[in-house]
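Go ahead and model the full structure; you've got the sequences and the hints to work with.
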Amino acid sequence: MAVKIFLTGVTGYIAGDAFSVLQSKHPEYEYAVLVRSKEKGELVEKAYPGTRIVIGDLDNSDVLKQEASKADIVLHAADASDHEGAAKAIAAGMVEGHSEDHPGFWLHTGGTGILTWEDAETGRLGELSDKEYNDWDGVEELTSLPDSAFHRNVDKIVLEAGTKHSKVLKTALVCPPTIYGRGRGPVAVRSRQAYELTKLILNEKYIPVIGAGKARWNHVHVSDLSQLFLLLVEAAAAHKLDAELWGQRGYYLCENGEHVWTELAEKIARDAEELGFVKKLEKKDLARQAALDVAGFEAVSWGLNSRGKAERARKLLGWSPTAKSIEQEAPNIVKDEHARLTGGS
1 MAVKIFLTGV TGYIAGDAFS VLQSKHPEYE YAVLVRSKEK GELVEKAYPG
51 TRIVIGDLDN SDVLKQEASK ADIVLHAADA SDHEGAAKAI AAGMVEGHSE
101 DHPGFWLHTG GTGILTWEDA ETGRLGELSD KEYNDWDGVE ELTSLPDSAF
151 HRNVDKIVLE AGTKHSKVLK TALVCPPTIY GRGRGPVAVR SRQAYELTKL
201 ILNEKYIPVI GAGKARWNHV HVSDLSQLFL LLVEAAAAHK LDAELWGQRG
251 YYLCENGEHV WTELAEKIAR DAEELGFVKK LEKKDLARQA ALDVAGFEAV
301 SWGLNSRGKA ERARKLLGWS PTAKSIEQEA PNIVKDEHAR LTGGS
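Per this note's numbering, the sequence shown starts with residue 1, numbered consecutively.
To be clear, the hints were calculated from the coordinates, so they are not data collected in a lab.
Quantities reported herein were computed from a predicted structural model and do not represent experimental measurements.
Just so you know, not all the hints are guaranteed correct.
Here are the simulated DSS-like cross-link-like pairs (lysine-lysine), alpha carbons at most 27 Å apart as the crow flies [stated by the list, open to error]:
1) Lys335 <-> Lys315
2) Lys335 <-> Lys284
3) Lys4 <-> Lys25
4) Lys199 <-> Lys88
5) Lys70 <-> Lys199
6) Lys280 <-> Lys205
7) Lys156 <-> Lys70
8) Lys199 <-> Lys284
9) Lys283 <-> Lys164
10) Lys38 <-> Lys131
11) Lys283 <-> Lys315
12) Lys25 <-> Lys88
13) Lys335 <-> Lys279
14) Lys267 <-> Lys324
15) Lys88 <-> Lys279
16) Lys199 <-> Lys315
17) Lys309 <-> Lys283
18) Lys4 <-> Lys240
19) Lys40 <-> Lys70
20) Lys40 <-> Lys25
21) Lys70 <-> Lys167
22) Lys70 <-> Lys46
23) Lys46 <-> Lys4
24) Lys214 <-> Lys283
25) Lys167 <-> Lys315
26) Lys214 <-> Lys199
27) Lys309 <-> Lys267
28) Lys205 <-> Lys309
29) Lys324 <-> Lys214
30) Lys279 <-> Lys205
31) Lys284 <-> Lys267
32) Lys240 <-> Lys156
33) Lys38 <-> Lys88
34) Lys88 <-> Lys164
35) Lys156 <-> Lys4
36) Lys279 <-> Lys214
37) Lys88 <-> Lys156
38) Lys315 <-> Lys240
39) Lys4 <-> Lys38
In structure tokens, the structure reads:
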């Protein structure tokens, strides 16, 4: 019997890329995907014939519950870290549709914005922090962050479901940092943080510095993130039930290094200069409200610290990131963003 997978967000960046990898590696699986319109569904069907299209959105709790109950594996990435209703519906559907003999697996997409909570609460911007989380020795700290932390409300729903119903529901909370690289999905191919930074540099012609300019953040290439999702799907399909993989301890950071935001902005600016897109640029302070006006939380995040070590996936799944670093990929980010802004290809 074919493994049944239900995905949300395949017309977006994260799940779109992960879906392309899953389809390539496991065409034998049965895929159902949630899309908001018939038109988007047609784009997915054209790229991946045989995919079952489910029309609906994250507010359609009955649809989410029904599809989750039928799926062996759910990969939830559409606004997954912030939509409480969708998380509750998926949890309810998976518990209702599965048993101890036939458990369901829920791969949930969070985000390391949750690790910025201390900077956010103290109002610090751009200050150096030595605090570094760890998803192996320090997993209990990650699963018990303050309720005020960004994304924490949804994290709690996933963690509670995976703990309270651990015999019938196996959860893995995947928490990516800054994601970069061109996506391979059928619709969206662009990430946000580094690309909004590049957009500002190209449009406003300066290098933004938030606060003291020393904040650091982890990063991961989208193709490496998709490999982690693939490994988790394969573990679920094989019914690997190691308690370290799922539930109370199934919290996965997925980084491959870190960057200082100001240094990355300088690198992007120099690449843009070398490519002839801008003339010599200088640094300029960017205040919190101005950052919000420019690009919302993405811009403010350039002044916050989000640092952690991804050991769990490496130890348990053999995850080994191989893609270019964000600094190596920076020229391509600049080229892609310039082409998008100017209407080029």
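Q) Is it true that the CA of Lys199 sits at most 27 Å from the CA of Lys284? A) holds, 15 Å
**Q.** Satisfaction of hint between Lys279 and Lys335, Cα-Cα up to 27 Å
**A.** holds, 15 Å
Q. Given the proposed pairing of Lys284 with Lys267, does the C-alpha separation stay at or below 27 Å?
A. holds, 15 Å
Q) Do the alpha carbons of Lys205 and Lys309 lie within 27 Å of each other, as the hint requires? A) Not OK: Lys205 and Lys309 at ~34 Å, beyond 27 Å, violated.
Q. Holds or violated: are the alpha carbons of Lys280 and Lys205 at most 27 Å from each other?
A. The hint holds at about 9 Å.
Q.
Check whether the Cα positions of Lys315 and Lys240 lie no farther apart than 27 Å.
A. holds, 15 Å
Q.
Hint check: Lys309 vs Lys267, CA-CA at most 27 Å. Holds or violated?
A. holds, 24 Å
Q.
Does Lys214 sit within 27 Å of Lys279, going by the straight-line distance between their CA atoms?
A. holds, 25 Å
Q.
What's the verdict on Lys335 and Lys284, does the C-alpha distance respect the 27 Å limit or exceed it?
A. Holds, at roughly 23 Å.
Q.
Would the hint linking Lys156 and Lys70 be met if the CA-CA limit is 27 Å?
A. Within the cut-off at roughly 24 Å; holds.
Q: Would you mind confirming whether the straight-line C-alpha gap from Lys167 to Lys315 stays at or under 27 Å?
A: holds, 23 Å
Q: Mind checking the alpha carbons of Lys46 and Lys4 for me, to see if they're no more than 27 Å apart?
A: holds, 20 Å
When each numbered hint is compared with the structure, violations occur for hints 1, 4, 5, 9, 10, 11, 12, 15, 16, 17 and 28.
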